[in-house]
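This is what each chain is made of:
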Amino acid sequence: NAGVTQTPKFRVLKTGQSMTLLCAQDMNHEYMYWYRQDPGMGLRLIHYSVGEGTTAKGEVPDGYNVSRLKKQNFLLGLESAAPSQTSVYFCASQGVPYEQYFGPGTRLTVT
Amino acid sequence: DAKTTQPNSMESNEEEPVHLPCNHSTISGTDYIHWYRQLPSQGPEYVIHGLTSNVNNRMASLAIAEDRKSSTLILHRATLRDAAVYYCIQANDYKLSFGAGTTVTVRA
Chain B
1 NAGVTQTPKF RVLKTGQSMT LLCAQDMNHE YMYWYRQDPG MGLRLIHYSV GEGTTAKGEV
61 PDGYNVSRLK KQNFLLGLES AAPSQTSVYF CASQGVPYEQ YFGPGTRLTV T
Chain W
1 DAKTTQPNSM ESNEEEPVHL PCNHSTISGT DYIHWYRQLP SQGPEYVIHG LTSNVNNRMA
61 SLAIAEDRKS STLILHRATL RDAAVYYCIQ ANDYKLSFGA GTTVTVRA
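Protein chains in written order, with the working numbering: chain B, 1 to 111; chain W, 1 to 108.
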């Protein structure tokens, strides 16, 4: 099993550009999450999904949209990137209660 | 906002035990205590979780105070690979809130 994979690993965007981050899991998990982590800080929840076709806002949802069209994929979109969205983005999935599996992260820089 | 309090950093020698404290004075009866760790340049990794009783697994032990207002994560024999940021999280559902955690340094 690959576990949780994230695409791309690195990306540089100019202010105002858009992009989509892809998260995929092969563990048949129902719950999936997107977090961001700024330097020296803990992770903050952006959006999450409790099953295919569902999404919900987390702690810091502004400026992001998500979709969960297939159970194994959770997409995070930035419609108009801003420098404040420079961060490392982590995706996670959860099957067994309370044990989340994280991907390796995507490092995004917005100039 | 994170609801737990942890020291910013701790140091340990290799092959010695590490005791990581966590205060969660606002914990409710349905809140679990979760521990995750994050190695450098990686995503967080699940370590252990518990509700009331002490818990053991292959990675660590979790000792929970009788009043549940504090807990201690115990790494029995630290290795260099255990150098990481350790997060103590109080949560009663599937949404976790990460604070700044405790940075553990292991000296060879």
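Derived from the structure by calculation, the hints contain no laboratory data. Heads up, a few of these hints could be off.
[Unchecked claim] Derived Cβ-Cβ restraints for the label pairs, each shown as a range:
id : chain 1 : residue 1 : chain 2 : residue 2 : range
1  : B       : Arg107    : W       : Ser9      : 21 to 27 Å
2  : B       : Ala82     : W       : Glu15     : 45 to 51 Å
3  : B       : Arg107    : W       : Thr30     : 19 to 25 Å
4  : W       : Pro17     : B       : Arg44     : 29 to 35 Å
[Stated by the list, open to error] Stretch by stretch, here's where chain B covers chain W in the computed footprint (C-beta under 8 Å, at least three residues):
id : region
5  : 43-53
6  : 68-81
[As the list claims (entries may be wrong)] No more than 27 Å apart at the CA atoms, straight line, and that leaves these computed lysine-lysine pairs for DSSO-like:
id : chain 1 : residue 1 : chain 2 : residue 2
7  : W       : Lys95     : B       : Lys9
8  : B       : Lys71     : W       : Lys95
9  : W       : Lys95     : B       : Lys14
The C-beta atom is built at its ideal place from N, Cα and C for all residues, glycine as well.
Hint check for Arg44(B) and Pro17(W) - Cβ pair distance inside 29 to 35 Å:
holds (32 Å)
If you draw a straight line from the CA of Lys95(W) to the CA of Lys14(B), is it 27 Å or shorter?
violated (32 Å)
Between the region 43-53 of chain W and chain B, see if three or more residues pass the 8 Å beta-carbon test, and mark the coverage as holds or violated.
holds (count 5)
Between Arg107(B) and Ser9(W), does the C-beta distance stay in 21 to 27 Å?
About 24 Å separates the Cβ atoms of Arg107(B) and Ser9(W), which means 21 to 27 Å holds.
Using the C-beta atoms of Ala82(B) and Glu15(W), is the stated range 45 to 51 Å upheld?
The hint (45 to 51 Å, Cβ to Cβ) holds, given that Ala82(B) and Glu15(W) are roughly 47 Å apart.
Holds or violated: Lys71(B) and Lys95(W), Cα atoms, limit 27 Å.
holds (18 Å)
Counting residues of the region 68-81 of chain W with a beta carbon closer than 8 Å to any beta carbon of chain B, are there 3 or more?
That given contact is violated, which follows from only 0 residues of the region 68-81 of chain W lying within Cβ reach (below 8 Å) of chain B.
Just to be sure I understand the hint, the distance between the Cβ atoms of Arg107(B) and Thr30(W) should be within 19 to 25 Å; is that true here?
Hint violated: Cβ distance 36 Å, outside 19 to 25 Å.
What's the verdict on Lys95(W) and Lys9(B), does the C-alpha distance respect the 27 Å limit or exceed it?
holds (25 Å)
When the structure is compared with the earlier hints, violations turn up for hints 3, 6, 9 and for no others.
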